[in-house]
Amino acid sequence: MTSDERLVAGESPSADEDTLRAAGFSPVRLLLSNEFGLIVLIVLFAAIFASVSPAFLSKFSLYALGRTAAVNIMIGFSMMVVIVTGGLNLAVGAIGVAAAMAGGALMQALGWPWPLAVAGGLAVGAALGALNGVLIVRSGLHSFIITLATMSIFFGVMIFLTRAESYRGISAAYAGFGRAKLFDILSPLLLVSVGVALALSVLFRLTALGREVLATGANERAAELSGIRSDRMITFCHALSGALAAAAGLMLVSRTGAAIPSMAGQLGQDWLLPAFLGPVLGGTLLSGGRVSVLGTFLGAFLVTMLTTGLLLMQVGAFWVQTWLGLLLLFAVLVDRARRSYLVRRKLA
Amino acid sequence: MNGARAGGLREGLRENDWFGPLLVTLAAVAIVTALNPAFLSPFNVQILLLAISVNAMVAFSQMIIIAIGQMNLSVGAIGGLAAIAFAGMMEVWGVPWPLAAVLALGIGLLAGLANGLLVATTGISAFIITLATLSIFKGVNLGITEAQPFYEIPAAVKSLGNDTFLGPLPWLVLPCAAVVLGLWYTLDRLSIGRAILAVGGNAHAAELSGISVGRVTVAAHALSGLLAALAGIMLVGRLQLGQPTIGDDWLILSFAAPVIGGAVLSGGRVSVGGTFFGVVLVAIFTQVLVLFSIDPFLVQIVLGVLILWAVGINRYREVRSRRRAGTVVT
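Residue numbers (the numbering used here), protein chains in the order written: chain A, 1 to 348; chain H, 1001 to 1330.
If you are wondering where the hints come from, they were derived from the structure by calculation, not from laboratory data. Nothing here was measured: the structure is a model prediction, and the numbers come from that model. Backbone N, C-alpha and C fix where the C-beta goes; we use that ideal spot for every residue, glycine too. Treat the hints with care, as some may be off.
Here are a few chain A residues that face chain H, going by a calculated C-beta distance under 10 Å [as the list claims (entries may be wrong)]:
| id | residue |
| --- | --- |
| 1 | Ser-139 |
| 2 | Ala-199 |
| 3 | Leu-329 |
| 4 | Tyr-341 |
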């Protein structure tokens, strides 16, 4: 790891993680795994919210929860696939909004049928992500500063081209997709996220490409020496991140029935917290090389559930952001404690 | 011998972090003035100086964290929290403004201390810690204000935030000048400043030579919080309004100016002068977009391109100096 990478990772996984991997499977490890912990937390908080406010378990509430979670999960995945390489992508929000606006423009201004417009939006997202990747690989600079700059550029170009106007002429069929209900309770958007989760699991577990990406993230030099074109892997991950961010943006368009430039806040910054919360809660190492698709999925779901529950309990919509910040802090502290506990047990 | 010294001077200036941005600034002023003499009108200069004074605080707040090789995403959130605390204390509790300003600075200091202590004691990356505290501080801001501004700002504060005392010189220039001098003195002359740069250069080596990395980290974050709060307070005076959205758009600027000033993001190398001229350059570019009625939406694009351009140049200098060092050794 170069000093540049350490800049963001700020932690050296080597000793702890090696010991952990050597430990292999054990019941303690399973119980202390992120995924198990997240499931426990989800059940626990669902029980608390349901007992405080029975409306939490109403059909509409569960439907809305799944629909919102679908977008947050996609945002989490978008960040996860670059964290895997040991980098990050601050431009997820800007890319997501830019792609959503592109999709909206294709539908409204050019009158394309919605599947083509969605494909166009995804292509814009992938292209912007690939541009990030190429800039990072060519310059040898850290992804933090490159994506900080492109976040400003992408968002600026989007605002410049759209004159900050929304596209409200979204095709009825596409808007209907985001509002559809399967069995009265399930949003098709959540199925999209589940499908993407399965595809990403296959990518990272079963394909050579996925293993090469993980190898690049774990140790770029070593990967390079064993014949992996790590620069291509990094560019690929950023393109994938852009496409996933675009998917999240297009899902939001489908849900609200309009492409709105401000849907991710100034420069798309509002997506940063959900983007990191999912992967970090899910146990994806910030220094790269390890990934948990299921963890990110559950993490993003937990965050959405907590937000919904807190709003339902009327703690005041304005305080929700504070709670999410505290949750992120709590999650990283627990993760640190969990890891040092596992290491100590192994050494004892 | 004379030639050698001149060569050394030229070399020194070229390697200096503030010299490049200064040259570009002078060139930009000359070109813009030639194209539109209104650029140097007293009113325009006053507007420019107001923007520079506040933005320099924002940039320095980030610069001090870049110096230790970390980053502070919560600069804007701390500034916003201090701003609404300042305005809120005056409006709701009727606190006299100097006391409110001191208390708001204290809030910024505490917020920075919290960041520093969390980073130093847990060893978790400053990126994640400050992303979390960004959300916490912003949430507290919104929870207190419910997204409504405080309007009752005393006349004295409004006047200090906008009026001038010497020709086009606004009052806000004074705190800015004090901070520039203070920071330069701290980083260049005081042991804590040298310790900050040493930790940024190589934390392990610094630790081995007797510097407490933890204490330096906490001190740098506390100073960063203080400067962010100062920026927020100054902006309340300038806007004549306690806006909850203060600080929302500081992130890009806070990195752009230090990077234009030659700061290396992995730490150990920052320049107070370079960062200051980085702020000046950004202010001039922004002003030009307004002055020539070019689309103000382009500001974001210009800022992004400036960052890429600056990190590109820094990278080139780094590679070149490494290559040159290599030839000396062989």
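Hints and how they fare:
no.	hint	verdict
1	Ser-139	holds (6 Å)
2	Ala-199	violated (27 Å)
3	Leu-329	holds (4 Å)
4	Tyr-341	violated (15 Å)
Consistency note: the structure conflicts with the earlier hints numbered 2, 4.
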